[in-house]
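Residue numbers (this note's numbering), protein chains in the order written: chain S, 10 to 336; chain U, 48 to 405.
Derived by calculation from the structure, the hints in this document are not laboratory data.
Just to be clear, a hint being listed does not mean it is correct.
Below, in silico cross-link-like pairs of lysine-lysine (DSSO-like), each with a Cα-Cα straight-line distance of 27 Å or less [what the hints assert, rightly or not]:
no.: 1; chain 1: U; residue 1: Lys-405; chain 2: S; residue 2: Lys-262
no.: 2; chain 1: U; residue 1: Lys-186; chain 2: U; residue 2: Lys-210
no.: 3; chain 1: U; residue 1: Lys-210; chain 2: S; residue 2: Lys-168
no.: 4; chain 1: U; residue 1: Lys-279; chain 2: U; residue 2: Lys-75
no.: 5; chain 1: S; residue 1: Lys-206; chain 2: S; residue 2: Lys-262
no.: 6; chain 1: U; residue 1: Lys-85; chain 2: U; residue 2: Lys-358
no.: 7; chain 1: S; residue 1: Lys-262; chain 2: S; residue 2: Lys-208
no.: 8; chain 1: S; residue 1: Lys-208; chain 2: S; residue 2: Lys-168
no.: 9; chain 1: U; residue 1: Lys-405; chain 2: S; residue 2: Lys-254
no.: 10; chain 1: U; residue 1: Lys-71; chain 2: U; residue 2: Lys-300
no.: 11; chain 1: U; residue 1: Lys-405; chain 2: S; residue 2: Lys-206
no.: 12; chain 1: U; residue 1: Lys-300; chain 2: U; residue 2: Lys-79
no.: 13; chain 1: U; residue 1: Lys-405; chain 2: S; residue 2: Lys-261
As a plain string of letters, each chain reads:
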Amino acid sequence: MAELQFREAIRAAMVEEMRRDESVFLMGEEVAEYDGAYKVSQGMLEEFGFRRVIDTPISELGFSGIGVGAAMNGLRPIVEFMTFNFAVVGIDQIINNAAKLRYMSGGQIMIPIVFRGPNASAGQLGATHSVAYEALYGHIPGLKVVYPSEPGDAKGLLKTAIRDDNPVIFLESEQMYGLKGEVSDEEDFTIPFGVAKVKREGNDVTIVAHGKMYHVAQQAAKELAKDGIEAEIVDPRTIKPFDMKTVIESVKKTNRCVIVDETHPFCGIAAEVGFQLQRDAFDYLDAPIQRVTVPDVPAPFAKNLFDLWLPGPKQVIEAVNAVTYRS
Amino acid sequence: MAKKAEEKGFTPTGVVYQSTKLPKPTSKTHDKLGLKKKDLLNLYESMYRQRRFEERAAQMYQKGKFGGFLHLYIGQEAISTGVVQALNDDDDLITAYRDHGFALARGASSDECMAELFGKATGISSGKGGSMHYFKLEKHFWGGHAIVGAHIPLGAGLAFANKYNGNDRVAVCFFGDGAVDQGSLNETFNMAQLWKLPVIFVVENNGYSMGTAVERHSAGDLHKRADAYGMKNDIVNGMDVFTIIDKFTEVAKDVRKNQNPWFLEVRTYRYRGHSMSDPGNYRTKEELDEFKQTDPIERLKTYVSEKKLVKDDEIEEITSRINQEVLDAIDFAEESDFPEPEALFHDVYAENDFPFVK
Ligand SMILES: Cc1ncc(C[n+]2csc(CCOP(=O)(O)OP(=O)(O)O)c2C)c(N)n1
Ligand SMILES: [Mg+2]
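Isolated chain S (complex conformation):
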């Protein structure tokens, strides 16, 4: 096991896949000569040259669409967005073209493309730079959505994403790029989509948390353990497909569930997971499911308001208290 930063794990996945398959290339703003806005692609230009590591203008609509067209015609593009907040400018290409052309062509068109980059908030950047998009993309049939929480998962899942024959939305976090974690040394290590991982075992409550919120859940679990509450943490790792089976198995054991989700509450990930749990595990629940999300408002700038807005361990502990009837 090597210890890598999140950004290094993502880079390793891209580099390995580009060495393995000539049709894989990287394009996006500042990915080549600048070495990546967050240094994810550092050194890749040097290894692969300007043909395969391509700086684009600030034209998210244009280069997303060129990526989709190139994927239709046999290549496997990795399109980096400086953040997914800017991908909104090009979202027509993702939602109308990448996600639907296979279906509308009766299966003639294949679009193996990865759109990747940082997602969600990264401190006090204001409302336009702070949106968690997994629920929005998860809503669209034809897309797969991945939001890993740790470097090891990131590497294995990104390699799977690049090899996948469908468009994949691969979400990262500016705030996690420096995070270190164990990454498998196994040659050609990949992780299949739709397989959640129980990352902490416990009998008292199930906490479902992905991406950046996974770390919030871990902090909360540590605190709760001091009080004798053992939380089981399930990290779904991929949002679409979503491994409900593992979540349900855990809930059958703990009989209580808290979902921690960085998207807004209405039509969010927690809403969907909560619905499926009540339908499929109703008889096993000893308390109503609770969710912890950002509120139904845009991200504020002021430090005090931002801290109120972003879920932290405190809210998770409160939710666990509610489902375990401790107060």
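For this one, chain S is given, so just place chain U with the ligands on it according to the hints.
Frame of chain S; chain U with the ligands shown alone:
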């Protein structure tokens, strides 16, 4: 208080006469263009197939045989036909929703095209696309795209892949005058020129974006948009198939050799409404009649008969064979099955067993 007469509007108003003006056609003869008698007959057959197919499709639509939108290409057939003649069979074509003509010109059968309108499993897109979303990848026809302007970057992407793979293919991306107003065009032009992509962008300027005349929706000459990017561009007469063949042969040669994009503004006219529900109040009958005088099919017929290149009965043979072919296509479409219910979940993902949420 502002009086009505002093009111200043924004969009230019008024019914327009001569929404699009045709530049001169080529003076080259068929000989000069390297066209043999067989080619001339093929050009006629292709244009007439597109015309007849759509006339019948419109009748079927009016009879209520199928639903959805139906946009007819009638009047513009010289463009699809001439481009297919001028380019190689493995060059990549992509267009907007007015797509029946392109699919047929590229060799899709009347059967599969008609069946798609009827939403049948035997359709060109297996009944999953409908009129606006025809695809035929084995003929390098990439659709059929109905978000105005959204396929312009796709066309550049096809060219990007061709250049990346060094395969010498040229991509041709067609769109309407309305699409010129989209941001996607400007972003794509910039990258296409910057990256020297082997792509020909073609605006089929038929005078109108739905009911809005070009001069009411676009500032300046359309082809001049390319000047801002230093992209080669020109205006072409789109009612004469020889002119299309001539220009696209020359331009494709340049694109293939020098790996640079082009923007061609092809002036043309659609005889029918924007879609089947359009009464056409925004244009004059005079304008329509005037353009019908330039009809590409009649023009070719006149040329070959004046030059005594083919016998009348050769044209008649093609005409009646196509008439029958299209009638047979209607029978084929009616008799074909609808997609199986399972098809609802097929081809969303590469894996048909994707765990769809219920
Ligand atoms: C993004 C978008 N906006 C609006 C429409 C509705 N719409 C469909 S066709 C059309 C007019 C386009 O005209 P033009 O590009 O000139 O093509 P033509 O119909 O003349 O072939 C409009 C407004 C659409 N399909 N997509
Ligand atoms: Mg038009």
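Which of the listed hints are broken here? none
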